[in-house]
Amino acid sequence: MTDMHNALKRPVSRRDVLRLAAGLGVSFSLPALDLRAAAQRGSERPRSVIILWMAGGPSQLETWDPHPGTKYGGPTKAIDTTVPGLQIADLFPRMAEQMHHLSVIRSLVSKEGDHERGTYFVQTGYRPDPTVVHPAMGAVLANRLQDPELEIPQHVSLASGDGFVVPRGGYLGDQWDAFRIFDPGRNIRNMQPRVGEKRQQRRLQNLDVVTSAFRRGRARAVEQTLHEDVVERALLMMSSEQLKAFQIDEEPQEIVEGYGDSRFGRGCLVARRLVEQGVRSIQVVLQGFDTHANNFDGHRTQAEILDPAFAALMQDLVERDLLDSTVVLCVGEFGRTPQINPLDGRDHWPLGFSCVLGGGGLRSGLVIGETSPEDQVRDRTLKPADPVEIPDLYATILARMGVDGDEEINTPIGRPIAICEGTPIASLLEEA
Amino acid sequence: MKPAHIITPLLVAMGVGALSAMAVRNPILLDVPAASIPSDLETTVAGVNDWFAERWTLDGVEPAGMADDLTILRRLSLSLHGTIPSLEEIRRFEADDRPDRLEQWTAAMLDDPRFADYFAERLARAFVGVGQGQFIIFRRDRFNAWLGRQLKDDVPYDEIVRAMITGQGIWTSKGEVNFVTAAIANDEFDPNKLTARTVRAFLGQRMDCAQCHDHPFDDWTQAQFEGLTAHYVPVGRSLVGVEDADRFAFTLPAEFLEDLKGTDVSDRLRGEFRENDYSIRARAELMPLVDGELWVLLDGDESDEEELQPQYAIHLDNGELKVSTRQQVYIVDDTRYDEVRVVPPAVPFHPEWLGEEGTPRQRLAEWVTHPENRRFERAIVNRVWGLMFGRPFALDRPVDDLPDPDDPVTAESLALLDMLGEDFRQHDYSIKRLVQVIAASRPFRLASDVQSAGEAELEDLERSWAVFPLVRLRPEQVIGAMLQAASVKTIDRNSHLFVRFLRFAREQGFVDEFGDPGENELSDRVGTIPQALLRMNGQLASELTEPNPFGSVGRISALASSPEATLDACYLVCLTRRPTEPEREHFLPQLGTQREGQAVQDLFWALFNSPEFSWNH
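Chains V and X, in that order, give the protein sequences. Quick note on my numbering: the first sequence kicks off at 372 and runs consecutively. Quick note on my numbering: the second sequence kicks off at 124 and runs consecutively.
By construction, these hints were calculated from the structure, which means they are not laboratory data. For each residue, glycine too, the CB sits at the ideal point set by N, CA and C. Any given hint could turn out to be false.
Unchecked claim - Which residues of chain X face chain V? A partial, calculated answer using Cβ under 10 Å:
id, residue
1, E416
2, R520
3, L726
4, A729
Said to hold, decoys possible - Computed Cβ-Cβ distance ranges for the label pairs, DEER-style:
id, chain 1, residue 1, chain 2, residue 2, range
5, X, P236, V, E675, 48 to 58 Å
6, X, G715, V, L614, 37 to 47 Å
7, X, T386, V, D746, 52 to 62 Å
8, X, P236, V, L614, 41 to 51 Å
9, V, Y443, X, P236, 42 to 52 Å
10, X, E185, V, E520, 43 to 53 Å
11, V, E675, X, T344, 53 to 63 Å
12, X, T344, V, D757, 29 to 39 Å
13, X, E378, V, E741, 36 to 46 Å
14, V, P787, X, A346, 25 to 35 Å
15, V, N665, X, S402, 26 to 36 Å
16, X, H473, V, Y443, 50 to 60 Å
17, V, P787, X, D390, 24 to 34 Å
18, X, L380, V, E741, 42 to 52 Å
Claimed, not checked - Covered, in the sense of this in silico footprint (three residues per stretch, anywhere, with C-beta under 8 Å from a C-beta of chain V), are these stretches of chain X:
id, stretch
19, 198 to 208
20, 577 to 586
21, 659 to 669
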């Protein structure tokens, strides 16, 4: 059992240098460290995870689990992919070329059919509990696999909106909340000092004087607030060369276009750049899957954004030899009902939905689970074949990332909680 | 153009200038607040202080020295008004030479509408949560306004709680009803949510996990949870708002006992239901729960494919067969154990505290607020203590999860809760008085700095409340403090509407970007990098320190008589204190130069970003 507070108090590298620098009025723009994680390639690299978050709950039938020509299949057709025998919805022609890098799980099951609760469950692997907030899996990975060389946040949410979709640090602490970027590749908020270099230096000196006065008689207490630490890390980030990972101006035009001109597309490109920089956990959000009406038009529009971005991301990761060290997971809070409602929509369905995952040494080309929409509609207690619980999904990813999911963390409410309650899915961990 | 057109604005501008000049310059006598201090406050506070003195001796700790009055004024202002004192208030406070000025000011601050507004918002988090709730049906603003009025009028807290538990009517006109409607989601009323909230918020007990299984550590059982929930089950909504359903829908003639023998629903029984406007389907079934006494009738709704669910309970009650719907009595369909239960309203302990008559909710309200229910007073004392100090009195546990009052292990360490609770009860459950007692007690007046305290020592001191803890300000306190610091005059209900609107609009945006701590607001938290970036580089912080003639930055530099006066004013307006000697030495050379405006701005920037600004101390 680990005490989370010790992890928090671990000194941040360069911190003392910076404190000294602040005290002496030395510039914060220290020479950039070329510690781009991309300097290492292949499976030797530290691992990262990219979660493509399909907010609203995508329809399994219009994505990775089409059932054309059946009672509930709708107008969606199926196309062959690079994995023999695996067919996906015809809305994803470019992804069809990438499926050999990925595996499909068609039998995710959950009991949460509400957006907020479902999101919580699928992001954390725990059902909502009013007494404790569990950390999102991205926060857990960032916390467990801290990289002291990183000057930008280890946990980033791209194209995120407000609200419950932002992955939280939960009981690990607010500092593990994902760092939000609303419009990836465009300007980042609050990153530029408001005044010139000289005045900024004077401000920092002033701050040091005011802080010293407060610290008198409170040295320990002030240290425990981590206030200075946080300010220093913010300053470090402001002046860091690594911030460039958030920009896409230097990317060739054809690459940018390949991802598609959307917030999500740019988010996927920035995600790749963040992986190169060594950022541990990245979420890229695509909103708009809650198709209670016009499900099929809705999914067509979504696919026009998702297909190029996801495919370009996969291709890029492969070409740059980053895929072996990067787990990619595409999932939403639940799936959608097989039944098509009178508005030509599909409603919430947590009883058998799909996700796609691969990279990071996970076995690819597998299809796990099988749904039988007609039977399940008839009897809701039926589960899909080989059902996969969300915690099992995370246990698998944690295992690949080298994190012990059984480890218990002592939470602020005094109850030790295991990082993950699931059991890894053996077939995904086997060597091909 | 008439001369008046030129002179009037000029006069106004001069008047404003003169007023703020008075505030910025040296102490001048303005009104000191007049309010009443309860006569027996001293005795109670002395008792509390004795308790702590004894505890400190037992724990072998030497408490920190006393904080100076301005620091205590800042604490009071932050916890009661959600902002820091204005320069105007500081000047008035310093000019007040009454020996009991802190008690006087506490009383006056409690009578200020800002207290009612702010405390209502803080308490509302515990009572209705932080979620937006279901649109239209839940009106948080109405709830807060109602609660604010109760606090302003110092309505006894037990009455406030009973009003929430029993609220009936329309949620827009009767704010308290939103306590109930907050439990509506997806158009469905969830009585379990209200049970969990009632027990947590009013009794300081977390029973939530007993909703699904017996509590692993405490003695709470699922049966107890369900018994409590049964009180809330009859809550229904209609055109007249929230109301309670009757216990029974209708009575079956006694001869229908015959029809309850098997599992099939006879035509006669179906007909009788139809007579009473309840239609049951052909595939409905009967299920006996207690032989010859209690049955449920299973029926399906909507589609034929759905499984049958228990919809009605039939009781044999004094020789009469009473039929109740699932909106009237609590029928639990426990799929986990494949069991159906009909649960009557019940409480986990002291059933004699339940009200004698009234609806189940009214009886429950009596039980919760019963004078002998120590959990009730302990819970609110612990919470109000938490709102004042930033940490609940019972450290190391959630503010709403106290041990059993009879638990011998904690009886001694938490005896203060009982002491304050008793005083609270004996004084009409007055929240204002409770705040006054806590604010006048020694721990609230202790300094937060202790020379040469090591890590272990500091921990011991904090554990015994022998030092004032450093606690991070909440987002709205940070923004409130920033806005207040940027204005010389007090921002309150007397402020210009525009200023208040500005405060509201900015607060919303800032809090959203800063991140709201939600319901678990009294747990330890550290700041985040985005928050630091927002303070350092955000637009708002920059705008507030622009040297314009209406903000304090502009006014202070324009009106202060000397660099020393400017420096003092900046420190007072941001940190509610004067600069130390080293600070004077550092800043004075920067001021009094040609670029004083910039220097003041840079000073403000440092003050805003200092830990002292963001942490209550």
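Point to revise | Hint check for E741 of chain V and L380 of chain X - Cβ pair distance inside 42 to 52 Å | key: Taking Cβ atoms as reference, L380 of chain X and E741 of chain V lie about 51 Å apart, which means the hint holds.
Review point. Using the C-beta atoms of P787 of chain V and D390 of chain X, is the stated range 24 to 34 Å upheld?
Key: At 59 Å between Cβs, range violated.
Review point. Is the shortest C-beta separation between L726 of chain X and chain V less than 10 Å?
Key: holds, 6 Å
Review point. So does P236 of chain X sit 48 to 58 Å from E675 of chain V, Cβ to Cβ?
Key: holds, 54 Å
Check your understanding: Once the shortest beta carbon distance from A729 of chain X to chain V is found, is it less than 10 Å?
Key -> holds, 3 Å
Exercise for review: May I ask you to test the hint 43 to 53 Å on the CB atoms belonging to E185 of chain X and E520 of chain V?
Suggested key: Cβ of E185 of chain X to Cβ of E520 of chain V: about 44 Å, so the range 43 to 53 Å holds.
Review point. Does the Cβ pair Y443 of chain V, P236 of chain X satisfy 42 to 52 Å?
Key: violated, 59 Å
Exercise for review: Test coverage of the stretch 577 to 586 of chain X by chain V using CB-CB distances below 8 Å; three residues minimum.
Suggested key: Holds: 3 residues of the stretch 577 to 586 of chain X have a Cβ under 8 Å from chain V.
Practice item. Go ahead and decide if the range 41 to 51 Å is satisfied by the Cβ distance of P236 of chain X to L614 of chain V. Key: Holds, since P236 of chain X and L614 of chain V (Cβ atoms, about 46 Å apart) stay within the stated range.
Practice item. Given the range 50 to 60 Å, decide if the beta-carbon distance of H473 of chain X to Y443 of chain V lies inside it. Key: Holds, at about 55 Å.
Review point. Okay, N665 of chain V versus S402 of chain X on CB: inside 26 to 36 Å?
Key: Given a distance of about 35 Å, which is inside 26 to 36 Å, the answer is holds.
Exercise for review: Go ahead and decide if the range 52 to 62 Å is satisfied by the Cβ distance of T386 of chain X to D746 of chain V.
Suggested key: violated, 27 Å
Hints 1, 7, 9, 13, 17, 19 from the earlier list are contradicted by this structure; the remaining hints agree with it.
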